[in-house]
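Colleague: With the hints as extra help, turn the sequences into a complete structure.
Protein sequence lines correspond, in order, to chains U and E. End of the first sequence = 510 in full-length UniProt numbering, gap-free, step of one. End of the second sequence = 343 in full-length UniProt numbering, gap-free, step of one.
Possibly wrong hints are sitting among the right ones.
As the list claims (entries may be wrong) - Okay, derived cross-link-like pairs now, DSS-like style, lysine-lysine, Cα gap no bigger than 30 angstroms in a straight line: (1) 318/E <-> 21/U; (2) 351/U <-> 318/E; (3) 373/U <-> 351/U; (4) 118/U <-> 239/U; (5) 191/U <-> 239/U; (6) 21/U <-> 118/U; (7) 318/E <-> 304/E; (8) 488/U <-> 457/U; (9) 164/U <-> 191/U; (10) 373/U <-> 31/E; (11) 189/E <-> 351/U; (12) 382/U <-> 428/U; (13) 189/E <-> 382/U; (14) 31/E <-> 318/E; (15) 164/U <-> 189/U.
Hint data in this document are derived by calculation from the structure and do not stem from the laboratory.
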Amino acid sequence: MKELQPILQMTGIQKQFPGVKALSGVDFRLFPGEVHALMGENGAGKSTLIKVLTGVYTADQGSVEMEGHAIAVHSPQEAQRAGISTVYQEVNLCPNLSVAENIYIGNEPCRLGRIRWKEMNRNAERLLQERLHLQIDVTQPLESYSVAVQQLIAIARALSISAKVLILDEPTSSLDQSEVRQLFDIMRKLKQDGLAILFVTHFLDQVYEVSDRITILRGGEFVGEYLAADLPRIELVSKMIGKELVMLEKLETLSNESDSNDKKDDVVMLEAEGLGRQGAIEPFDLRIHQGEILGLAGLLGSGRTEMARLFFGADRPDKGSLRLAGSGAGSIHTPRQAIDQGIAFCSENRKTEGIIDDLTVRENIVLALQASKGWFRRIPRKRQEEIAEEYISLLNINPRDSEQLIRHLSGGNQQKVLLARWLLTEPKLLILDEPTRGIDIGAKAEIQKLVLSLAQKGMSVIFISSELEEVLRVSHRIAVLRDRRKVKEMTGTEMNQQLVMQAIAGGDKG
Amino acid sequence: MMKHRLFWPLMVLVVLLLFNLIYSPDFFSIKMRDGHLYGSLIDILNFGSPLILVAIGMTLVIATGGIDLSVGSVVAITGAMACLSISRANDQNGLVAVLGAVGIALVLSAALGLWNGFLVARIGIQPIIATLILMVAGRGIAQLITNGQIITVLSPKYQYIGAGSLLTLPFSIFIVAAMFVIASLLTRKTALGLFIEAVGCKPTASRLAGVRSRTVMLAVYMFCGLCAGIAGLLLSSNVSSADGNNAGLWYELDAILAVVIGGTSLTGGRFYLAGTLVGALIIQTLTTTIYMVGVPPEITLVVKALVVLAVCLVQSEKFRGLLRGRPKAGPLQTANPEVKRHA
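Modeller: This is the structure we're talking about:
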């Protein structure tokens with residue numbers, strides 16, 4: 001009994017930013033009781049379309065109809081009142097408020113203007129438990145939970161408002177597999193309740209697992225709307241990029257070649273002995289060779305990021321020692337010292353630890369190099385522009401405008417700008433923490449290819465990713481972490497999905 | 001042209017200046033007398049110079065996401081220190097005595113700024129609290145120095161700093177111009193400006209990019225202290241006396257206002273020194289205007305507040321949109337039709 005009346009219909013949406021045409025003539029419709037995937041590469045206009053729908057941006061042209069009536073949404077509050085709730089790509093909550101406060105902020109249960117805390121906490125607990133199967137202390141501040149849990153809380157917040165339309169913008173990009181499965185169960189249940197879900201993701205498997213319908217955007221334009229069952233995967237991909245994807249195949253061969261190089265006898269680039277930090281990661285030994293790509297595999301919160309932060313001096317170790325090739329006494333206590341020693345670290349929190357919103361693409365690119373040169377030896381403006389242009393074309397950053405503010409770029413392009421920032425410092429060791437999170441396949445392949453070619457030129461790379469396939473594809477060697485402990489190192493033939501999964505899961509389970 | 005950042009502040013300044021023509025037709029006239037230029041415009045520049053100085057330092061502090069409430073107290077302390085040291089000298093007009101006093105005052109003001117920076121960058125106290133300490137304690141220190149009295153000095157050489165003239169113009173204008181040029185060069189011709197903006201916008205990300213954010217903050221607070229110190233010298237030398245109680249009183253508020261009018265956001269990040277200059281001139285013109293028009297003393301502050309409110313509203317794009325009847329999304333917008341709901 002499929003209803004033919006869409007609950008939401010957007011027609012001819014246009015949106016222009018200074019120098020960028022983000023959306024031109026985009027149509028989108030959403031039926032109740034369906035999961036509708038919105039697909040497209042970085043900068044295709046997915047996020048912009050969602051922001052128009054939720055009132056963050058106002059469309060220059062076009063109309064939005066909800067249940068057959070035209071609506072004009074000018075603010076997120078209005079969107080919520082109209083029944084549209086959103087969970088954004090990067091968690092958008094207040095880290096220092098409690099879980100319950102985060103869920104009910106703006107519509108707390110009140111009596112005579114006083115918040116009824118007990119009721120609120122009870123409601124929050126019940127909501128999390130019944131709909132998300134999550135049992136946590138809701139009076140604790142949000143920041144005391146992992147990113148994955150925070151994401152679920154964001155979804156709970158959206159659910160707490162009786163929404164007719166739920167928008168999930170990259171909800172799975174920071175969840176591990178079991179959490180993704182849990183989320184999909186929830187999505188299916190909500191779908192049966194008649195909710196219309198707009199789902200944005202870069203994982204093709206996930207699209208086909210839960211979606212009924214797919215709308216594809218490319219370069220801000222509407223490509224088409226398809227039933228998921230009628231659209232083969234290859235076609236979806238080629239419609240998204242607008243060309244055949246041969247790059248991934250090339251990548252396989254590239255990786256195989258470099259695998260055959262034995263790195264064991266090479267120069268040790270960095271050596272950690274009994275390095276550890278209370279509450280972050282247990283003491284571990286680890287070596288990285290020159291020109292080697294070391295993959296760190298493990299679940300979220302297994303200590304991958306914590307390990308990387310110790311190498312970079314972002315956190316101070318309280319045990320053990322860290323030695324770098326070629327440098328005698330140089331110790332690493334701060335990021336500054338790490339950079340001086342030729343280490344670069346691309347954080348997984350692009351939004352808070354990576355980009356500087358108010359600065360231009362050019363300024364973001366030169367920042368690390370300028371910082372290591374010091375304040376007095378300024379890189380001349382003209383040279384800065386040359387550098388920016390060079391990396392914009394090298395990494396295919398879009399839009400090709402070095403004076404654009406970085407916050408106007410899409411997530412994937414921001415990531416490329418950050419890569420450019422670090423490549424410019426010509427590091428000996430590059431630490432990439434989830435460099436491809438929230439990035440489309442095309443850009444993902446580009447970044448993986450780049451990493452491999454950098455390693456061939458002699459750069460050492462630590463590659464952290466939640467996507468096991470990706471880690472397997474690029475790494476020469478893999479260190480597996482579990483429960484804040486390094487449990488295994490794997491090389492050569494050991495490195496297959498089955499064995500690594502077993503190591504990650506632990507125990508003797510086959 | 002209306003899109004330019006400085007357009008609205010400059011418009012406000014021009015309107016304020018023109019407004020004075022109604023009350024004093026020769027407002028724009030500048031006369032030459034005894035080899036000096038006289039006129040209301042010169043007065044505005046002259047009397048406004050301490051505020052401009054303080055506001056320049058404040059701009060950089062605010063750009064790092066901080067704030068310095070202690071500048072008024074630093075103005076009082078440095079003035080008091082300079083006057084005390086001159087008054088103790090055998091020859092109050094001796095070059096050594098005056099230079100020594102100026103040197104002591106400047107070193108002291110830089111040290112006070114450094115203290116603020118230390119509390120903020122090293123100890124990690126929130127800037128508003130860290131500088132509040134010196135704001136409150138500083139008044140006390142200034143009065144300790146002057147022993148609760150007003151110290152008067154008799155030194156034409158010292159007086160020259162704030163009341164002398166060079167090439168027919170007040171000497172203080174040259175000091176301000178020099179400091180403005182120095183601040184502009186330091187921030188735009190070196191990478192300091194980039195670091196300040198990066199730290200102000202995202203401290204964590206900047207640290208991970210290798211910016212020495214603590215050093216940047218220390219330097220900025222020290223510079224702000226120094227600016228306030230020079231302002232203190234100008235003020236006290238202009239009247240050849242030091243008043244620990246009233247010198248520089250409420251300067252921090254005027255300076256913050258000037259920075260904000262100039263387009264620098266209180267949340268830190270991008271900063272505009274030229275905007276601050278215009279902002280400080282607006283405030284000084286306003287003060288002059290209020291005296292000129294003869295607003296009764298008991299309501300001058302109210303008038304000032306109203307004009308400042310008007311300035312802020314004129315600068316707000318949202319408000320201008322509202323006036324044109326084409327509202328844009330935002331908190332200012334209230335007249336929006338309710339979203340239709342269907343039961």
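Colleague: Taking 30 angstroms as the top limit, are the C-alpha atoms of residue 31/E and residue 318/E close enough?
Modeller: Not OK: residue 31/E and residue 318/E at ~43 angstroms, beyond 30 angstroms, violated.
Colleague: Would the hint linking residue 21/U and residue 118/U be met if the CA-CA limit is 30 angstroms?
Modeller: Measuring from Cα to Cα gives roughly 49 angstroms; hence the hint is violated.
Colleague: Need the status of pair residue 373/U, residue 351/U: alpha-carbon distance at most 30 angstroms?
Modeller: Satisfied, since the Cα-Cα distance of roughly 25 angstroms is no more than 30 angstroms.
Colleague: Tell me if the straight-line CA distance from residue 191/U to residue 239/U falls inside 30 angstroms.
Modeller: Between residue 191/U and residue 239/U the Cα gap is close to 27 angstroms, so the pair holds against 30 angstroms.
Colleague: Starting from residue 382/U, check that the Cα of residue 428/U is at most 30 angstroms away, please.
Modeller: Holds. Residue 382/U to residue 428/U sits at ~27 angstroms (cutoff 30 angstroms).
Colleague: Holds or violated: residue 318/E with residue 21/U, Cα cutoff 30 angstroms?
Modeller: With Cα atoms ~23 angstroms apart, residue 318/E and residue 21/U stay inside 30 angstroms; holds.
Colleague: Under the criterion that the straight-line Cα-Cα distance not exceed 30 angstroms, is the pair residue 164/U, residue 189/U satisfied?
Modeller: holds (14 angstroms)
Colleague: So if I understand the rule, the pair passes when the alpha-carbon distance is 30 angstroms or less; does residue 351/U with residue 318/E pass?
Modeller: Between residue 351/U and residue 318/E the Cα gap is close to 27 angstroms, so the pair holds against 30 angstroms.
Colleague: Run the distance test for residue 189/E versus residue 351/U: straight-line Cα separation, threshold 30 angstroms.
Modeller: The given pair, whose Cα atoms are some 29 angstroms apart, holds under the 30 angstroms limit.
Colleague: Are the Cα positions of residue 318/E and residue 304/E separated by 30 angstroms at most?
Modeller: holds (23 angstroms)
Colleague: Next pair to validate is residue 488/U with residue 457/U; report whether the Cα-Cα distance is within 30 angstroms.
Modeller: holds (27 angstroms)
Colleague: Under the criterion that the straight-line Cα-Cα distance not exceed 30 angstroms, is the pair residue 164/U, residue 191/U satisfied?
Modeller: holds (10 angstroms)
The structure shown violates the earlier hints numbered 4, 6, 10, 14.
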